[in-house]
Amino acid sequence: GAVVSQHPSWVICKSGTSVKIECRSLDFQATTMFWYRQFPKQSLMLMATSNEGSKATYEQGVEKDKFLINHASLTLSTLTVTSAHPEDSSFYICSVVSSYEQYFGPGTRLTVT
Amino acid sequence: AQSVSQHNHHVILSEAASLELGCNYSYGGTVNLFWYVQYPGQHLQLLLKYFSGDPLVKGIKGFEAEFIKSKFSFNLRKPSVQWSDTAEYFCAVMPPYGNKLVFGAGTILRVKS
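Chains D and S supply the protein sequences, listed in that same order.
Residue numbering for the first sequence follows my numbering, starting at 1 and increasing by one per position.
Residue numbering for the second sequence follows my numbering, starting at 1001 and increasing by one per position.
The following block holds chain D by itself, in its conformation from the complex:
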């Protein structure tokens, strides 16, 4: 299966600042990546589908101007949380798709103070 990395694994930022999270597919060229968020003791919720070379597709209720996604290459997608607020604190996880299977990154824990 595909190997997916995320950077950073943990980030703390101040309210009002922006944070960029990287998702890399290390051994697979991914035209599609997914971004999820997971609140404590809750399930993964799909935020958006990241498409290489085109605009991301956001799920209902996800602010596209707040969660900027860039999928500039077949191995890298980035999620930028703009003007972060404490309610954005969460665990953000990306995945890549290969033959209808998704392979997940280790996640990035964002804490906004």
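Since the hints were derived computationally from the structure, they do not count as laboratory data.
Be a bit skeptical, because a hint or two may be false.
Unchecked claim - Calculated pairs, DMTMM-like style, for lysine to aspartate or glutamate (alpha carbon to alpha carbon, straight line, at most 20 Å):
(1) S/1112 / S/1085
(2) S/1112 / S/1020
(3) S/1071 / S/1015
(4) S/1069 / S/1015
(5) S/1100 / D/52
(6) S/1100 / S/1085
(7) S/1049 / D/87
(8) S/1100 / D/59
(9) D/41 / S/1015
(10) D/55 / D/22
(11) S/1049 / S/1088
(12) D/20 / D/87
(13) S/1061 / D/59
(14) D/20 / D/65
(15) S/1049 / S/1015
(16) D/66 / D/22
(17) D/14 / D/87
(18) D/14 / D/88
(19) S/1100 / D/101
(20) D/41 / S/1088
(21) S/1100 / S/1054
(22) S/1058 / D/101
(23) S/1061 / S/1085
(24) S/1112 / S/1015
(25) D/64 / D/101
(26) D/41 / D/101
(27) S/1100 / D/63
Guided by the hints, dock chain S onto chain D, whose structure is given.
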């Protein structure tokens, strides 16, 4: 609303006990079904999947799951759990005509040694 339901949020078992975790979904048509496991501090890993064919599927680490179409269920089983099975287990459904995953709320399994 279409959804994925996991029956138990917390399960505590003694070693060697049998395990069954329930999962029901509400999507019609042909779906792909998955069980993922998240060990403490680690990323999501695929336990097993069902796309078509034999409704009883075997996965890694002695896990199996049975797809019962008439009940819209995909329950996970293991005859004898080990302490190392302590983890959170997620059922996920890939609805028809897409490659997105919809996750259940997760079940935290604690196995007492």
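Here is what the structure says about each hint:
Using a Cα cut-off of 20 Å, the hinted pair residue 1112 of chain S and residue 1085 of chain S holds, with the two alpha carbons roughly 10 Å apart. Restraint check: the Cα-Cα separation between residue 1112 of chain S and residue 1020 of chain S comes to about 16 Å, which is no more than 20 Å; the hinted pair holds. With a CA separation close to 30 Å, the supplied pair residue 1071 of chain S and residue 1015 of chain S exceeds the 20 Å bound. Between residue 1069 of chain S and residue 1015 of chain S, the direct Cα distance comes to roughly 31 Å. Violation of the 20 Å bound is thereby established for this hinted pair.
For a cut-off of 20 Å, the pair hint linking residue 1100 of chain S to residue 52 of chain D stands: about 16 Å separates their Cα positions. About 27 Å separates the Cα atoms of residue 1100 of chain S and residue 1085 of chain S, which puts this hinted pair outside 20 Å; it is violated. A distance of roughly 34 Å separates the Cα atoms of residue 1049 of chain S and residue 87 of chain D; the hinted pair therefore is violated under the 20 Å criterion. Proximity of residue 1100 of chain S to residue 59 of chain D is assessed by CA-CA distance (about 11 Å); at most 20 Å being required, the pair is judged to hold.
For a cut-off of 20 Å, the pair hint linking residue 41 of chain D to residue 1015 of chain S is broken: about 24 Å separates their Cα positions. With a C-alpha separation of about 17 Å, the suggested pairing of residue 55 of chain D with residue 22 of chain D holds against the 20 Å cut-off. For the proposed pair residue 1049 of chain S and residue 1088 of chain S, the alpha carbon gap of about 17 Å is at most 20 Å, so the pair holds. Distance check on the hinted pair: residue 20 of chain D and residue 87 of chain D sit about 17 Å apart at the alpha-carbon level, within 20 Å; holds.
With a C-alpha separation of about 34 Å, the suggested pair residue 1061 of chain S and residue 59 of chain D falls outside the 20 Å cut-off, and the hint is violated. Between residue 20 of chain D and residue 65 of chain D the CA atoms are separated by roughly 14 Å; this keeps the pair inside 20 Å, and the hint holds. A C-alpha spacing of about 25 Å is found between residue 1049 of chain S and residue 1015 of chain S, which places the hinted pair above 20 Å, so the restraint is violated. Our distance criterion of 20 Å between C-alpha atoms is met by residue 66 of chain D and residue 22 of chain D, whose separation comes to about 16 Å.
Under the criterion of a C-alpha separation no larger than 20 Å, the hint pairing residue 14 of chain D with residue 87 of chain D is consistent with the structure, at around 12 Å. Annotation: proposed proximity of residue 14 of chain D to residue 88 of chain D holds, straight-line Cα distance about 11 Å (limit 20 Å). With a C-alpha separation of about 10 Å, the suggested pair residue 1100 of chain S and residue 101 of chain D falls inside the 20 Å cut-off, and the hint holds. Only pairs whose Cα atoms come within 20 Å are accepted, and residue 41 of chain D paired with residue 1088 of chain S is accepted, the gap being roughly 10 Å.
Note on residue 1100 of chain S and residue 1054 of chain S: the hinted pairing is violated, with a Cα-Cα distance of about 23 Å set against a maximum of 20 Å. For the suggested pair residue 1058 of chain S and residue 101 of chain D, the alpha carbons sit about 16 Å apart, so the restraint of at most 20 Å is met. Distance hint between residue 1061 of chain S and residue 1085 of chain S is fulfilled; the C-alpha atoms sit about 9 Å from each other, no more than 20 Å. The suggested pairing of residue 1112 of chain S with residue 1015 of chain S holds, with an alpha-carbon distance near 6 Å, which does not exceed 20 Å.
For the proposed pair residue 64 of chain D and residue 101 of chain D, the alpha carbon gap of about 26 Å is over 20 Å, so the pair is violated. With a C-alpha separation of about 24 Å, the suggested pairing of residue 41 of chain D with residue 101 of chain D is violated against the 20 Å cut-off. Using a Cα cut-off of 20 Å, the hinted pair residue 1100 of chain S and residue 63 of chain D holds, with the two alpha carbons roughly 19 Å apart.
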